[in-house]
Each structure stands twice: as C-alpha cells, then as structure tokens.
Amino acid sequence: MHRFTGSDRALALLILALAGCGFLILVGPVIVVLVTSFTSSRALQFPPPGFTLQWYRELFDPARSAQIHIAAGNSLMVAVLTAVVATSLATAAALAITRSRAGWARVAEGGFMAPLVLPGIAFGLASLMFFSWLRQPPSLALLVAGHAMIAAPFALRTVGASAAGLDPALLESSAALGAGPWRTFRRVTLPLILPGVAAGAFLAFVSSLDNVPVSLFLASAQTDMLPIRMWGMMETALDVRVAAASGVLVAVAFVLLLAMDRAVGLARRMSG
Amino acid sequence: MDGVRVRYGQTLAVRDVTLGVEPGEMLALLGPSGCGKTTLLRTVAGFIRADAGRVLVDGNAIDHLPPGRRGVGIVFQSYALFPHMSAAENVAYGLEARRLPKAEIVRKVEAALAAVRMESFAERRPRALSGGQQQRVALARALAIEPSILLLDEPFAALDRSLRLDLQLEIKRIQRRFGVTAVLVTHDQDEAMSMSDRMAVMNAGRVEQVAPPAEVYDRPATAFVAGFVGTTNRLYGRVEAREGEDYRIRLDAGATVTAASPRGFAVGERVLVCARPEQLTLRDAGDADPAAFPARLRQSLPIGPATIHDLETGASEIKLHEARRGAPPPPGPVRIAILPGATPSIFPEGETA
Amino acid sequence: MTEFRRRHLLGAAMAGAALPFGGARAQGTTMTAAVYPGGWDEALRDVLAPRLREQGITVAFEPLFAVDQIAKARAARGNPPFDVFVLDPGPRVSGIDFGLFETFDPAKLSNLGQLPPGQADAQGAAVAAQVVGIAYNPTKVPKPKGWADLFKPEYVSKLGLTGFGTTFGTISLIEMAKALGGSVENMDPLFAELRRIRPSVAAVGQPAAMPGMFQQGQIDVMYTNTYTVTLLRSRGVNIDFAVPETGAAAFMTTMHIAKGSRNIDAAYKYIDAMISTPVQAALSQAPYFFVPVNKDVTPGADVPMRSISEIGNFVTHDWAKINPVRPQWIQRFNREMAG
Amino acid sequence: MTENGVWRLALPLALAQMLFFVAPLLLLAATSFATDENLRAWSLRAWRDALGDDFNIASVINTLRLGALAVLATAVFAVPLALVHMAAGPTLRRVILIAAVLPLLTSVVVRTFAWIVILGREGVINATLQGLGITSAPVPLLQTEHGLILALTQIEMPLMLLPLLAALARIDPALLDASASLGGSLFRTLRKVVLPMALPGLIAGATLVFASAATAFISQGVIGGGRLNYLPAQVWQQAMVVFDWPLAAALAITLMGSVLVVAAALSLLGAKARHA
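Chains as they are written, first to last, in our numbering: chain A, 12 to 283; chain B, 9 to 361; chain C, -18 to 320; chain D, 59 to 334.
Next comes chain A alone, as it looks inside the complex (with noise of 0.2 Å):
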C-alpha cells in the first residue's frame, strides 16, 4: 500500500526476486521428490516416463512392504518418545531459565543448547562406546535418550521464546488463588506457553524421524529405523517405494502442521 519511489521499487522489486528464489529453492527439491514418486519408471528416476500410483500401492502392500512398515512404525514410536521427553525437560529447564535472573541461567542456556553444534556421526560413536562401556546393549531407551539430546535444544529455543513472554504475575496471582505449583503450571503456565510446546515437540518429532547418524549406531535388529532403510533401498536399487515413502511423509507432517497451526498458530512460534 505504500507508494515507492523510484529506488524504492527497485529494491522492491529485488526482494521479491530473491524472495521468489528462496522460494524455489526450497519447494524445488521437494517438488521433485514428489513428482518423482509418481513414475512408471521402476528406478528412481526424474523427469519420469510416465505416471503411476503403482509405488504408493506397493509401499501400503502389507506383505511386500512389511519391513518398511515395521521400521516406519519403530521411527515414529522413537520420534513420539523423543518428542515427549525432549520437550518435557525443555519446558521444565526452559521455565528454570526465563524465570530466574541469575547469571547461571545464562551460562546454563548456552551448555543445553551444545548437543547442536556436535557433529551426529561423533555423537553417535560417543554414545555407542559410552553405552558399551557401562555394558549396556543398544536399546529403544537409549535410541529415544540420544534423540532427546539433539532434539532438546530445538524445543528449549522455541519454548524458551513463549516462556520469556510469560507475564511473572500471572503465576503469581494463581499462587495468591490459593493453587499449588502443579496446579498453576496445568491450567496457568502449560496453557500460555502451549503453542512454544507444541512448536518443540513438532521440531523433536521431526528432527529424531530424520536422524541418520545417531540411529546408525544406538538402533538395533529390533530397533530398524525408516530413514536407515530408506538409504539402504536408495542405494543399491534406487527403489521408487523411497521417494513414496517421503511422499507419505510430506503429506502426514503436512497435514499435521495445518491441524496444529489451526489449533495453536504454530508456525508463528515455530522458532525463538
């Protein structure tokens, strides 16, 4: 609505350039994923021959897919529990940091948020030697623990955002009402910085659905994990049922993000 001055309109017109690169950049790749899980070539192959729903049929087929859906069904079991655990110790600790004015805080929001900068293929071997040492076998518990530590510092960014907005006298006055601390947290505190929570979890979720490097070492016969599949079927074969499988996967988290920006405009909180 504003009216541009010449220069103005140039560096208008720039931004929307750039803008609409960024664009296709990011959608590009997606686009082509999924264009390519719609051929009828039986190699993962773009631009495709022709177009078939063959892929997607083969991939829902419980007896030729059943592996597939059994590690699809391990990754998002894993990806729950991460999400559930990542996100509760981040709300707690994020809670700890915005309320408190110590300097700690500070210093102890930097240490919790190290796990980012730890290359996964390290971490992973770390943690399998660690695990080894203690003699403990690889485990769905210690699969979902080493998936927390990476996804705790994406749900203590966003929650820590939507906690630094809490207003300090609300918690108050619902303790003048007489509610104890657990009381205040369910129906005062959870509920304002419900939408960070939910932004965090859904970060968890899908940064534990994706991890390869972490998976690769803590995951185990009985913990096969989709992504960890995915590369093998890539690899040898360029099966096609990969690119239905991330197919899939767009559309679920696709519709999720709607769900859930409907219920509590998560993109918005997405990230502090």
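Where hints are given, some of them may not hold.
Cβ-Cβ distance ranges computed for the label pairs, FRET-style [stated by the list, open to error]: (1) D:Arg123 to C:Gly59: 37 to 45 Å; (2) C:Pro305 to D:Ala116: 55 to 63 Å; (3) D:Pro231 to A:Arg194: 33 to 41 Å.
Some residues of chain D that are not near chain B, with every Cβ distance over 10 Å (derived) [said to hold, decoys possible]: (4) Asp94; (5) Ser101; (6) Ala116; (7) Arg152; (8) Met255.
No lab work stands behind these hints: they were computed from the structure. Each residue gets a CB set at the ideal place from its N, CA and C atoms; glycine is no exception.
With chain A's structure known, arrange chains B, C and D on it following the hints.
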C-alpha cells in the same frame, strides 16, 4: 480533503469526505471506533490510497507523494518509537532521512527535545522511558521534521487519565507555539473538546458536523452528534404548530414544549427533541404547568457543585443536571420541565443516533 | 510436580515401548544377524528367514554396512549386538585383526560339500561371490575394453570414481594401478593418473550416490559388481557390465559368528542354510541376483562364469597384504582428490 | 515455586545431558588421548596426526568456510522471504511458512537424490540453462562447492527462516509507518529499523545454520563429493573405514571445538544485539 472515499473490500470506510483544516488550527476527528476517522488520517498520511477524491495541502494535491514526502508528522497511538534507538536517535531519524548536515541535525534534535522538555533523556532508550515520556519523544520526532501538518492518532489512549490532561495542555501549547496545523483523531469527546479549535464528528464514514466544540455541543447538527457529544435526553413528540423557526411540540410524555430549529418541520410530523441534562429542571409532582411532564425520581447524586438526578418517564431514562440547592427531593413522582431560554435541538424522528 | 509427571510419563512410555520390540521373543531360539541394507536385507528376509523358522529359529536382521558392523561390534567390546556378521574381504580381515569372530568349525556345516574347496575356514564361510568390473551406459559410451580405458578422455568426463572405502572400490583401483604399470606394492602410477584426471572426472565420492548419479546421467561409467548391474538393469536403468581384458576380479562375501554370541548353534544353522542349494538357487534368481557360492547353482546371465568352480580363473587379491596399507591409500586418495 | 527454587526445574535436563551427552563426550575426549579405543595407554599421537597435518588443517578451514558460506546464502534468501512474509496477507503468509518447514519434512535420504536430479549434468538446472540458450555445454554443479552451498541453502533454510520470522513478527507495523512518514525510504527503513530489530533472529539463525551446515556429513559427501574436503568425512573415514578411533575422536573434537568457537562468538554478538 476533497471528496475522499476509501473502500475496504465491500465496505466504504470513508464516504466522500470533504474537510478543510485552516493553517495553525487543530482539528479533531471525533467518532466511535470504526467510524473511519483513523482511515481518513492514514489517507492524509499517505499509508492508504483513496479510491476517489484528493488530498490537498495549500491547494496542491499530495496524493501522488509517498508518506515521507508529504511533510506530515505523525504521532502514533502506540508511539512507534524505534526500540533500538535512543530518544535523540529517534528524533534524528527523520532529519537524517532528509540528509541534513550533521550539525544541523544535532541542533534540531536538541531543540525538539527541549520543546517537549525531554532534553535530559536524550540518550535513553524508549524502554527506559515512561509512557508520557515516550509520548513526548514521539511528538518531538514528529515535530522535528517541521511538518506542514501534524497528525495525532489517538495519542493519549495508552496513558493514565491523570497524565492525560497535563499532556493535552502541553501538546496544545506546543502546537500553538509552533503554529503547526494539526489533526487529532480521538474517540474521547473531552479530549476533542479541550484540545481542538474545531471538531469534525464522524459516523459510519461520514462527517456529520464540523464546528467549534461549543457549537457542536450547543447546536448539534444531527441526532447522532447530539448523542455522541455530551449527554442528551431524548424526548419524542409531534409538531403541533409552527411560528417561523419556533415549533410547539406535544411530547409523548405528556407535555407541550416550545423549541427553535432552522430545519423545516411540517405540522403533525413526528420529531425527536434532544435536551441536555442542564436544559431541564425539576418541578413538584403537583405542578400544573402544561410544559412539564410527569416522571419518577429514582435517585439524586451530588457531584461537586451540581446534583445529577436520575429519572424515568415511561420506558425512557432521563438525566437532569441542576445546581445544588439544599437537600435533594426524596425519590418519587416529580415533573420535569424545559428551562426557560434553553434551546433543545429537534430532529426528525427517523434520524437515529 | 513436573518432575513427578515426567518420571511417570517416561516410565509408562518405556513400559509401553518395550512391548513391540520384546515381542519377538517367542518360543524357540531367537538370533540376530547383521545384513547389508537394501537388496541383501530383502533377500535374506524373504528367502533365508522362512527356512530357519521351519527349524524353530527366529532371525532378527540388523541392516548394517560392513564397516558399521565392525565399528559397532568393536564399540560393544565383547558384547556383540548381533550373532552373525556378513562381510567383504577388507572388513573381514579387520574383524580377524580385532578378534571379533568366534573360531569357526566348517565341519558343522552339512552343506560344506556344496562349497568349492577353501571357501570355509576357521574364521567363517563364503556365502556369496562378487564379481567386479566396469559398468557403463551402452546408450551413451562405447563398451570399455579394460581398466586403462577409464583414463581416456572420452570416459574421464563421464567417470564416477569411488575411493578405497569399499571392497569393490579398492579392488578396482588396484586393478587400475596394475593396468597402469603399478602393483599393490607400488600404487604411484595410479595416483599420478588420478591427479591428472581429477579436474575433469564427472564425480568422486560416496559409493551410495553412484547408482543415482548413473541413473540421472551425471556419470556413464563406474566400477561395481555384477550384482548391482543386474539389479539396476532389472529396474530399467541403461547399464551393462564389461569384463576388463585383464579379467574380472572376484571376491567372496563371508559370514562369521560374533565373539561372545550366545546363539552359536543357531548361527551355524543360519550359515548352513544360507549356503544350501535351494536358498542359493533362489537367491541367484530375480529379483535378488546373488552370485552363488554353491557348486550346484548356475549363476545369472550377467555373471561371466557358469559355476562358482571357475572362481579360480578370476583375479583375486590378498587382503592380509592390502589391509595394512589401505589406511594410507585412503589418506592419499583423499589428499589427491581434494587437491 | 519460589524464584530461588526455580533452578531445580533445569535439573532433569541438566542430568540427562550429563549422562547422555557430556559423559560420552568425555569418553570421546579420553579416547583421543589414548593409543587405542580400549584406553590401555596414553599418547598424544592422535592429536599430533590431527593438528600437525596441513591436510586436516585445510579440512578445518574448508569446513568453517562452508558453514560461513551457508549462513550467507541462507540469509540472502531468508531475509527477503521473511520481509515478504511480513508484508503479505494471511494466505501468502501461510504458504511461505509451509515452504519454510518443508525441507524439514523430506528425508535426508531422498533429498540427496533430489539434488542429484537438480544439479546433475543432465539435471533440471542445466536443462533450463541450455534450453534458454544461456549455456551450450553442461555447467558442472554437482560435486562443486557452489552446488553444495545451493543444496545446503535449501536444507538449512528453515533454521534461518524460522527465527527470522519470529523476530520480525515482534516488530510493531506502526514502526514502519513511522519511518515512512518521517521520510525514510524503503532502503532506509529496512537498514535502520527492520534489520536492527531482526538481528537477534538473524544471529540465532546464523548459529544454527553454521553448526548444522558444518556438520552436514551426508550432504557434504553426496552432493559435495570427494574432491571437496570437509572434516566430518574425515571423522567418518577414520572411525568407520580406517578404524583409527583416537584420531577420529581427535578430529571430532577439533570439529566440535571450532564450530563451538564460532557459535559462541555469534551468540555473544546476539547478546550484544539484544542489549545494545
């Protein structure tokens, strides 16, 4: 402003408003929220493009100019001070954008801050200033660019009541001293009445009356204005006779009153008589004056030198304002008459407020 | 407050989570076998696992590449995450060096007679052969004659190079070194040539990415095994296998029992079933295309041999000699290519 | 809970990180000073190999450079996208937001294939360039640093875009009107008002992108290829192929240390931007 019209989707936010502001004058745009006053202000500022009509300054159209080239200074409701800049940097912003020499900027910033008595807070960030202080910095920032028009968008809405009056007086004083033409948008009639030279009362995208505050109060042009500015009692009735501009009206409440109006009403036409609380007077229940109508006194509240009487007649409520004389009468049946010499306004009955 | 809830939640979640993963422990024996991800994984699940179920053995497969198996078993320090390894010669020698295997008794294999002599020893048993040569796109480039051809300009710009990280990569690079006048002891001629062609090679790196690049036309020539070529062609990729003039190289994929395994009997039965004639026959067919080690099974059409007995005619390598120098080759390859 | 006791809420995460993150890390550090992974004897050999070698030093520099370039590239596109988002209506806003999180939803496995398709010799970009007659021969993109950075721009963009959007959402639209009414051009408004206020988000995003791009092992390997030399690949190769775990550990710690230094510098800058 010449026939300005702004359309938001299907709804007309501003309908063909033509409005002039005299140099050095402060004009208040008064109206309920959603009446189009802020839209009009933003059109003048250049944030909104009018669908029809023109905005002229000194006879020159400025519609084609971007906001920054219109010579318009704005004080926003939220102040809109740049939080990452100090008070002085905020004031300097518009001057830097005009590429003035550094020394001149420094001088003008100092002068503007001094004018609003904020010179000792020049290095403070907005976060470290109180609401009133932020308000003054915002004013200094708007004035520093020496605008031909100063636009004030509900500038006091976010302030404490006690602070408001002081600032209103101060802004008025500064505006006078700078001789800057100003437009004030507000929904607060007291603010509009105390600050403006003339006020434009808006309703549903239209300007209903433009006049000095006293005239708006005493001679509202429409029933809406009568209702929105000040308190009014609505009495319905029928025109019984006409003599020049004087009408004899038979009120539904059971009295016959005389009132003047430049508007022409036909004998027998239904009308609405709007009487201010101070234009009415209380009589004993036994009073036989045909110009008085019966009512029931519910309670009387002494407020300062006056007494407010809360009455009802039929289904409608009446507020009556009298100087305090001894003890108020006890609640119960009374009669109400229009004070001799009072000039209630008459409108056609269909005109809603 | 929150602590309580969290512990509660965590406990419940773990308890719930334990069910599906622990559910596999039904009656009979349960063992875990490492398996290459992708084609091998599917093949062994489809063909081998049902055979063992008949014997009351439930197999859980853990998809891991050879190097990952060694790394994981080593990190686990005698507490192996799986009972059986499947390895190529390079990692096999590493496994022997690190003492990751139980001593293997070939006599316990009822199908030992089906293997060519020497293919089962105190370390483990061969379960599949791999034949390595040159893969090319017949619609884009003429058939290469030998390893040296890859360094000619018409191939270089379409060549996908992988390093010494994989067994087939190592073997191919050694063969190239020989074709260029070098040997296992003297790889200098190879590295000199690699340095020369480095700027114009179409792709260098991750073996995992090569099939995708081949399919998408980024590269038209690479070195790989017959298994990959047949698999890709079966999926409609334009790819053919060329046997170099100096002969295709071959090596054995072997299985080993992990040291500390608690399912040694089941592990023997698993390996025994793997080399049995019906399993080998099924695995050599579409869609698996393994090169059988069983003398009674005929290899597929792409494999340049009529029976595993001809394995002696193929170029083979001594991994006990290669392994000690391989880290240096890897380093050197990295450095030459990163230039 | 009183203000004094509130720190206890941070305990669960702190303890979890001690056990599942710090402890393995310490073991990794110990391994780097050992002769082998069983920690039977101590030696500085791994560190001498890791730091006394020009090739590894070059890897460190390349890796940090890649992180910096990825930050730059994501910022170039994310800032305009965030600005358009700020100015857009609700529908376009939602579209941009969904695009912003899309890369998080595609598996890293398929994403690598997508980039082969896009960057390849016969890929989408080359086909477009040749189709438009801009180039006559295929431009090498796959397995070049440019190509890798382009791919990382997509992969890491959400980490830049999301904090930016959050930061811009906190800007009162009246500030932009104020700037415009004071005669600020679009450029001036962006430079003096929007960017300074978006800075905390920009720095948060830069930190995340830097850390993630510098350690993006799979993308570096597949899209970058063997001619580009980054530290994560060295770590992987030493650990998984050569089995020299002390060296792998030393390299991993070097990588982590150098990324941490940059991340710490950025966050210091961020704290300054917040308080300045």
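Right, here's what the structure says about each hint:
Under the hint 37 to 45 Å, the C-beta atoms of Arg123 (chain D) and Gly59 (chain C), about 42 Å apart, fit the expected range. Hint check: Pro305 (chain C) to Ala116 (chain D), Cβ distance near 26 Å, so the stated range 55 to 63 Å is violated. The hinted range of 33 to 41 Å is satisfied by Pro231 (chain D) and Arg194 (chain A), whose Cβ atoms lie roughly 38 Å apart. Residue-level check passed: Asp94 (chain D) sits 55 Å from the nearest beta carbon of chain B, beyond 10 Å.
At the 10 Å boundary, the C-beta of Ser101 (chain D) stays outside the reach of chain B, the nearest C-beta of that chain being 53 Å off. Even its closest Cβ contact with chain B, about 40 Å, leaves Ala116 (chain D) beyond 10 Å, as expected for a residue assigned away from the interface. Separation of Arg152 (chain D) from chain B is adequate, the least Cβ-Cβ distance of about 20 Å exceeding the 10 Å criterion. With a least beta-carbon separation of about 6 Å from chain B, Met255 (chain D) fails to lie farther than 10 Å from that chain, contradicting its non-interface assignment.
Checked against the numbered hints listed earlier, the structure breaks hints 2, 8; every other hint is satisfied.
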